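Engineer: Chain by chain, the residues:
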Amino acid sequence: MVTPLKTASLASQEHLQIAHFRNPLVGLRVAITGGTSGLGLALVRELLARGSRVAFVARGRNRVEQIARESDRAHGIVGDISVQDEIYPIAVQITGELGGLDVLVNNASDLGPTPLALLADTACEDLERALATNVLGPFRLTKALLGALAASAREGRGAVVLNISSDAALNPYARWGAYGASKAALHHMTRIWEEESAAEGVHFLSLDPGDMDTPLHALAAPDSDPTTLRRPEVAARELIDAIGATLPRRPEYERGAKQRLVGGEIL
Amino acid sequence: MMAASEAVQRPPHARLMVVDATGWISDQPRSAFVTFLRRGDLVVANDAATLPASLPGVHLPSGSPIEVRLAGRGSLSPDDVRDFSAIIFGTGDFRTPTEDRPMPPPLSPGDKLALGPLSATVRRVLDHPRLVSLDFEGASDAIWAGIARHGRPIQYAHVPAPLALWDVWTPIAGPPVAFEPPSAGFALDWQVLAKMRSRGADFATITHAAGISSTGDPELDLRLPFDEPYRIPNPTAVAIREAKARGGRIVAIGTTVVRALEHAAACGQVYAGEGVATERIGAGSRLRVVDAILSGTHEPGTSHYELLRAFLDDSVLRRVTAELEAHRYRTHEFGDSVLVTRFPTRLPREEKIWQTPELAIGKPLFA
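Residue numbers (the working numbering), protein chains in the order written: chain A, 1 to 267; chain B, 1001 to 1367.
To be clear, the hints were calculated from the coordinates, so they are not data collected in a lab.
Quick caveat, the model's predicted, so the values are computed rather than measured.
The beta-carbon is built from N, C-alpha and C at its ideal position, and this holds for glycine as well.
Some hints could be false.
Computed list of chain B residues with no C-beta within reach of chain A, every gap over 10 Å [as the list claims (entries may be wrong)]:
(1) Asp-1047
(2) Ser-1108
(3) Leu-1126
(4) Pro-1171
(5) Leu-1224
(6) Thr-1302
Not everything, but these chain B residues come out facing chain A in the computed CB check (under 7 Å) [said to hold, decoys possible]:
(7) Gly-1138
(8) Ala-1142
(9) Ala-1145
(10) Ala-1148
(11) Pro-1175
Go ahead and model the full structure; you've got the sequences and the hints to work with.
Structural biologist: Structure, rendered in C-alpha cells:
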C-alpha cells in the first residue's frame, strides 16, 4: 500500500516529485466524473494534494469553474455522462487537456427516484436515467478512453478504471431497486472487463466506499444522522490508496529524483 | 475502385490484398490479416484520436459563413492549442465535393473569425488564399472545450451520412491530435490485438498527428502531407530495436507510422521522443525501419500511393492497382486494405545493419 502523504497540500509539485519519488500518484493523469460534490470532489482534492493532474466532469458550469480554480493541475469539464452525444466531447477534453490518461474514476451516480421508491412504484423513466448514468455512461466513457488507458499501460505508467460501487449492488435493499440494479450491472461489468483487459494491462476496480455524508446520501436517506456516516475525504483517501496499490512504481520519477539528488539541488 | 460510402470501420466483408516481397499478389478477407504475422514480428500503429477539426463559423469583416478545417499545429503538447494552421472554405457543407467548394472571402492578417464559442484571428495568410495560420483566444482548456463541443469531424462527400467522432476514432484511439483519422487502424480491434499476441507478434504504438487528406485544391494537394508532429514512446523504440535484433519484421499500420518511424530513424536507429515529420516518402526514399505496411487502398496520384512506391517497384504497384480494380476493392477511409511487404531491392544498400535473413530475394515473406 502507498503511504499517505502528510504534508502534501503544502508541498509544491517539485517537492512532491523529490520527497515522494515512489509515490505513483505524482504526475498521474486522472479523470473523475461527478467531480464537484460528495465523494467525487473529495477524490479531486485528494489527488490534487498528492500531485496528480486531474480532469473532472460535472454538469454545473459554475461549480466546475469554481473548483477548477483551486489548482493549476485541475481541469474542469462541463458535461453530462448520461447523454450519448456528450461522451466524445468529454473524452476529447480529458485526453486533450491531460495529453493521455492513466486513471479513470466513474463516480457520477444517479439514485433513481427520489425519494426512494418501491420498484413497483418506480417510473420507467427513473430506472432509465439510473441506468444511463450508472451503467451506459461509464461503459461509453470507458470505451472511448480505453485506447488512451491501454497506451499508458504499454508505456509502463499503469492504467486503472475505478468504478464506484455500493453495497446496494450486492444486497437487495427494499426501495433501492433502480440504484441497486444499476450498480449491480456496473459491478458485474467491471469484473468482466477486468477479466478481458488484463492482457492489455488495464485494471478494473469496483469498490464500495461505504455510507458517506454526501448530497447523494442525503437525498436517499434525509433523516439519517450525518455524524454516523463516513466522511467522503476518508473514503477518498482509501480509494486512492487502492488505485496507487494497483499502479506500478514509477521508475521515471525515481530516476528523476535520484538525478536531482546526485546533482545536489536538494540535499 | 469505388468509394466506401458507409462509415463502418470493420465490415465483415472487408478485403485485404496481400503483396509479398516476391511480388506475389493474393486477394484475402481482411480478417486473415493476423495469419500473415509471424512470431517475433512487431506491429506498430498510430494511436492518435481524431479531432473534431471542422469548425463552422463566420468571417467577421465580411459577415460570410465559412468552414475552418484545422490542419496542423507545431507540437503535440496539450497546452499548444493556440496556434493552428487551417484551410478555410466558403459557404456550403460536406455534401459538396471538396474540390467544388467555393473559396473563402479574401482573408487578411488580423481578420477575426467567430467559430461558435471560439474566437480566432488570422495571423498570416500562408502562400495560398485558403491556407492560413490562426490564433485562438483564451486559455488552453477553454480552447479544448470549444473545439470538443463545437467541432465536427471532417466530413467526406463520398460518405452521405454525417460522421460522428465515434465513427472516426479507431478502437485504440488515445490523444486527440489527428486532423483526419489514421484510418488503416480501423482494421484493428481488441480481439485482433489478442490474436496478434497469441501468434507471438508484439504490438506497440506511436502518436502521430495525421493531417488532412485533401484540401480541395490541386495545387495545395500537391504539398500534402503537411508537416506532422509525432511522438515515439520509449517502450516502442525499444521494441523496434529488439524486433530488428531478433529478425522480426516491423509492420506499420498506416502511412503515418511509416512517416514517423522513418523520420525518427534518419540517423539509423529509432529513438524515443518527439519530432516533426517533414519529408514526403516516395519512390526515391530508402526505408530504414518499416518492413511491411497495412494500409488502405490508394489511387495513383495521391500521397499515400506515392508512399507505397518506397516499398514496391512501379511495375508491381501497377499490377496491384489492376488487381484492386479487378476485384472491385473499395477505397477511401472506410474501404478495403492492402498489406505490402518491402521489396528486397528497396533495402538500404549501404546500411545492412537491419537487414534480416528472411528478407532474401525469392522467399515469400508472409508464410
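Engineer: Does the closest beta carbon of chain A sit nearer than 7 Å to the beta carbon of Ala-1142 (chain B)?
Structural biologist: violated, 10 Å
Engineer: Minimum Cβ distance from Ala-1145 (chain B) to chain A below 7 Å?
Structural biologist: holds, 6 Å
Engineer: Hold the hint about Ala-1148 (chain B) up to the distance rule: shortest CB distance to chain A must be less than 7 Å.
Structural biologist: holds, 4 Å
Engineer: Far enough from chain A: is every CB of that chain over 10 Å from the CB of Leu-1224 (chain B)?
Structural biologist: Holds: least Cβ distance 24 Å, greater than 10 Å.
Engineer: Should the label of Leu-1126 (chain B) as a non-interface residue stand, given a Cβ cut-off of 10 Å to chain A?
Structural biologist: At about 25 Å from chain A, Leu-1126 (chain B) clears the 10 Å cut-off, so the statement holds.
Engineer: Can we keep the Gly-1138 (chain B) interface hint, with Cβ of chain A closer than 7 Å?
Structural biologist: Violated, because the Cβ-Cβ distance from Gly-1138 (chain B) to chain A comes to roughly 13 Å (cut-off 7 Å).
Engineer: The hint names Pro-1175 (chain B) as touching chain A; please verify it with the least Cβ-Cβ distance against 7 Å.
Structural biologist: holds, 5 Å
Engineer: Hey, does Pro-1171 (chain B) actually stay past 10 Å from chain A on C-beta?
Structural biologist: Contrary to the label, Pro-1171 (chain B) does not stay out of reach of chain A, its closest Cβ about 7 Å off (not over 10 Å).
Engineer: Hey, is Thr-1302 (chain B) genuinely clear of chain A, shortest beta carbon separation above 10 Å?
Structural biologist: holds, 27 Å
Engineer: Is the claim that Asp-1047 (chain B) lies outside the interface with chain A correct, judged by CB distances over 10 Å?
Structural biologist: violated, 5 Å
Engineer: Is the nearest Cβ of chain A still more than 10 Å from the Cβ of Ser-1108 (chain B)?
Structural biologist: Ser-1108 (chain B) clear of chain A: closest Cβ-Cβ about 30 Å, beyond 10 Å.
Of the numbered hints given earlier, the model fails hints 1, 4, 7 and 8; all others are met.
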